[in-house]
Amino acid sequence: MKLRGSFEEGIARFCIGCVLEAFDYLHNRGIVYRDLKPENLLLDSEGYIKMVDFGFAKKIGPGKKTWTFCGTPEYVAPEIIMNRGHDFGADYWSLGILIYELLTGSPPFSGTDPIKIYNMVLKGIEKVDFPHRIGRRSEDLIRRLCSLAICLRMESRGKRQIKAIIAQKVAKTSKPTGNLCQETMFSGMPLPDHMISS
1 MKLRGSFEEG
11 IARFCIGCVL
21 EAFDYLHNRG
31 IVYRDLKPEN
41 LLLDSEGYIK
51 MVDFGFAKKI
61 GPGKKTWTFC
71 GTPEYVAPEI
81 IMNRGHDFGA
91 DYWSLGILIY
101 ELLTGSPPFS
111 GTDPIKIYNM
121 VLKGIEKVDF
131 PHRIGRRSED
141 LIRRLCSLAI
151 CLRMESRGKR
161 QIKAIIAQKV
171 AKTSKPTGNL
181 CQETMFSGMP
191 LPDHMISS
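Once you know that position 171 of the sequence shown is 171 in the UniProt record's numbering, the rest is easy, because the numbers rise by one and skip nothing.
Because the hints were derived from the structure by calculation, they are not lab data.
Among the clues, some could well be false.
Claimed, not checked - Straight-line Cα separation of at most 30 Å, BS3-like style, residue types lysine-lysine; simulated pairs:
#, residue 1, residue 2
1, 37, 64
2, 116, 65
3, 50, 64
4, 58, 123
5, 116, 127
6, 37, 116
7, 37, 127
8, 37, 50
9, 37, 65
10, 58, 116
11, 50, 65
12, 64, 123
13, 65, 123
14, 37, 58
15, 127, 65
16, 37, 59
17, 37, 123
Construct all of the structure, not just a fragment, from the sequences and the given hints.
Structure below.
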């Protein structure tokens with residue numbers, strides 16, 4: 001990503017679709033990931049995104065919270081910073097940050113001092129001016145995923161909306177495969193077992 005800068009919306013949609021499938025897999029097993037960032041996403045030999053580094057992942061179960069302070073400053077959800085306990089909503093926060101970074105080349109909250117980054121996070125995505133290159137639907141999705149109100153990130157209608165936007169009209173998009181790009185259709189593909197590694 002550092003070489004490329006940012007991605008076209010179609011490629012970003014494909015990447016996020018893979019991440020969302022991985023989240024579904026983990027969350028359905030009661031596991032919160034807590035370390036989503038580009039450095040923890042790799043391409044497999046077929047061009048699908050594979051999540052790696054499960055050092056911060058934790059089995060919490062449905063309706064439960066955990067209080068461990070962990071994660072990358074630019075991606076940490078406000079409830080982790082405030083030590084209010086967090087659940088799967090923290091993963092959806094980081095998904096919103098990832099979408100922003102895929103589309104722009106940098107996260108919405110960044111800097112050299114983690115404390116300053118945490119303060120920006122606590123002010124919320126509402127204070128972020130989105131560049132024109134981010135479309136209205138993408139901006140709306142990012143703002144919903146990065147809502148300071150955790151319940152808005154986790155409502156079941158929110159999950160359906162995320163999937164609907166990603167799979168919108170069975171979008172034809174490029175699937176990255178090393179230096180090549182293949183044409184592929186994304187319509188909510190199943191998560192292959194090899195995509196989840198520990």
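Quick rundown of the hints versus the structure:
1. 37 to 64: holds, 24 Å
2. 116 to 65: Holds, at roughly 26 Å.
3. 50 to 64: OK: residue 50 and residue 64 at ~26 Å, within 30 Å.
4. 58 to 123: holds, 27 Å
5. 116 to 127: This hinted pair holds, its Cα atoms lying about 14 Å apart.
6. 37 to 116: Between residue 37 and residue 116 the Cα gap is close to 19 Å, so the pair holds against 30 Å.
7. 37 to 127: holds, 21 Å
8. 37 to 50: holds, 12 Å
9. 37 to 65: It holds: about 21 Å lies between the C-alpha atoms, which stays within 30 Å.
10. 58 to 116: With a Cα-Cα distance of about 27 Å, the restraint between residue 58 and residue 116 holds, given a limit of 30 Å.
11. 50 to 65: Holds. Residue 50 to residue 65 sits at ~26 Å (cutoff 30 Å).
12. 64 to 123: Cα-Cα ~26 Å, so holds.
13. 65 to 123: Distance ~23 Å between residue 65 and residue 123 Cα, so the pair holds.
14. 37 to 58: holds, 17 Å
15. 127 to 65: holds, 27 Å
16. 37 to 59: The given pair, whose Cα atoms are some 20 Å apart, holds under the 30 Å limit.
17. 37 to 123: This hinted pair holds, its Cα atoms lying about 21 Å apart.
Violation of the numbered hints given earlier is absent; every hint is satisfied by the structure.
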